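These protein sequence lines are chains A and B, in that order.
What the first sequence shows, in full-length UniProt numbering, is residues 1 to 301, in sequence order.
What the second sequence shows, in full-length UniProt numbering, is residues 1 to 301, in sequence order.
The set of hints was computed from the structure by calculation and includes no laboratory data.
Treat the hints loosely; a few may be bogus.
[Said to hold, decoys possible] Result set (SDA-like, lysine to any residue): computed pairs, CA atoms no more than 20 Å apart in a straight line:
| no. | chain 1 | residue 1 | chain 2 | residue 2 |
| --- | --- | --- | --- | --- |
| 1 | A | K71 | A | E32 |
| 2 | B | K70 | B | K89 |
| 3 | B | K85 | B | P122 |
| 4 | B | K286 | A | S297 |
| 5 | B | K5 | B | L263 |
| 6 | A | K286 | B | K286 |
| 7 | B | K261 | B | K89 |
| 8 | B | K261 | A | K71 |
| 9 | A | K197 | A | E151 |
| 10 | A | K261 | B | D155 |
| 11 | A | K261 | B | E151 |
| 12 | A | K261 | B | N2 |
| 13 | B | K89 | B | T116 |
| 14 | B | K261 | A | R186 |
| 15 | A | K261 | B | N190 |
| 16 | A | K22 | A | T287 |
| 17 | A | K261 | B | K85 |
| 18 | A | K5 | A | S297 |
Being a predicted model, the structure only gives us computed values, none of them experimental.
There are 2 protein chains.
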Amino acid sequence: MNWPKSVTIKEVGPRDGLQNEKLILSTADKIEWINQLSFTGLSYLEVTSFVHPKWIPQLADAVEVARNIKKNPLVTYAALVPNMKGLEKAIACSVDEVSVFMSASETHNKQNINKTISETFPVLQEVIAEAIAEGKTVRGYISTVFGCPYEGEVDYNQVLNICEKLFTMGISEISLGDTIGVASPRQVENFLIQALKLYQPQSLAMHFHDTRGMALANIVKALDYGITTFDSSLGGLGGCPYAPGASGNVATDDLVYMFDKMLIHTGVNQEALVDSALFVQEKLNKTLPSHRMAMYSDSKG
Amino acid sequence: MNWPKSVTIKEVGPRDGLQNEKLILSTADKIEWINQLSFTGLSYLEVTSFVHPKWIPQLADAVEVARNIKKNPLVTYAALVPNMKGLEKAIACSVDEVSVFMSASETHNKQNINKTISETFPVLQEVIAEAIAEGKTVRGYISTVFGCPYEGEVDYNQVLNICEKLFTMGISEISLGDTIGVASPRQVENFLIQALKLYQPQSLAMHFHDTRGMALANIVKALDYGITTFDSSLGGLGGCPYAPGASGNVATDDLVYMFDKMLIHTGVNQEALVDSALFVQEKLNKTLPSHRMAMYSDSKG
């Protein structure tokens, strides 16, 4: 297989991970953790979300976190923004990139954003235009690409239509989310065959949750098709809001281990990652679900 | 990808799973569990191991188990045998197939069998010849194919030499074991490119442990190369003797879920599998590590 020589891992643990944890980290601990992550070799950190604290109380301190982290010039710092209000805060905090989000399925979009898909576009259009005017790049998340908890399988044409609209608005990269972790390698392949007729693999990122354990298999299948950007959370933080004890995002530490063994460059230092996982694990007072951390706790007795 | 339309899953939970569990199931529970497994649609069950109880006390009741299970004529019942003594017992218990085993790395072979690799061949030759004379088919396990806990990476030529010797002795299928769960999809691909120059994919099975979470990714990569036989343990039973809390064999229930989603026929009924996993989980008094069982326990609150 003619795999890419290197990949980019986008660490979403401080946002997608923490927003699905019951225990809320202190602002100081978040800052300390993000500062540690900044020196693991990860080149991209999504550090928080500027959504209303009523929806995501875990990230209510987004402004303090984004303002007080020590930035490593080699790292891109990103934050999620749902609307103009969120964007204004993100700009005031000098993040490098903002992410907007919507779902591929109507019911999930309605549940998550309280708007229909067509009502969502104008909101995103305004945010994207303003962000670009402010010199920011914009990433777009599409959720429920491979399955919706309410509607089941999602029509790929619907996903590709959303991609087209978002790219036209000026998005630089779309992250395709398997929000509930049901994608199989066949779905990934079938989707990418269609998507890569329209877009370069460099403009697409894959965002897998490991609910059914298939995330690494799906990542390798995406890699077979030339995709080089993958989202993950350190230690597999986060869980699944639709199945409280199930796995969250694919674990950064397991992903880096696999890429290292596949001789695909990530730039990430495994030992620094584990140290950083141990830190957040202690603060969250739980054993993180990644295989790497299970190995670690075993080796310590 | 031109994947096979159907695959064979060989359930090794009653042997490879249980032999690595601390708690020893009662003979009656083992028999009840195997009887349940016989009606899940699985076509192959490795029910026990006729090794000396000093080495594997968990399977000390191999004869009682093998004699007292109710056989489904649609299922092949197999057992592991280390030597002639084990073979005699297996034949007396009327198993359909026997499995022999050795390691691809000298140190692991020595630790596991107390013989060098070259000392192991004559023992296996005698067992294989006698089993065939008795009308049994013989399966061969090779351990540490993708990495040894003592020696690190293993030379593929060494593995292929062992394959050649075992096939020449009359083995019908070789199961290539990633005993410590370190194989990456690249290793699987590199190995299979060499192996499939020599052997048909139907004569090779893959046996992955999920220690690092890569088992499903490796299975999909093997499937890309036409491999259609995979070993697994229900619920991911078993763990890793070199890392006590880490995952065991890849979980049959996760594997069947993935194949179903890939539209690849297994013949296995997911609900019957889960019932059977719940039974053994209760008897072992532990939550099985598969993703499917985590989903199940969540959905029950």
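**Request:** Could you check the structure against the hints above and give me the numbers of any it violates, in ascending order?
**Result:** 7, 8, 9, 12, 13, 17, 18
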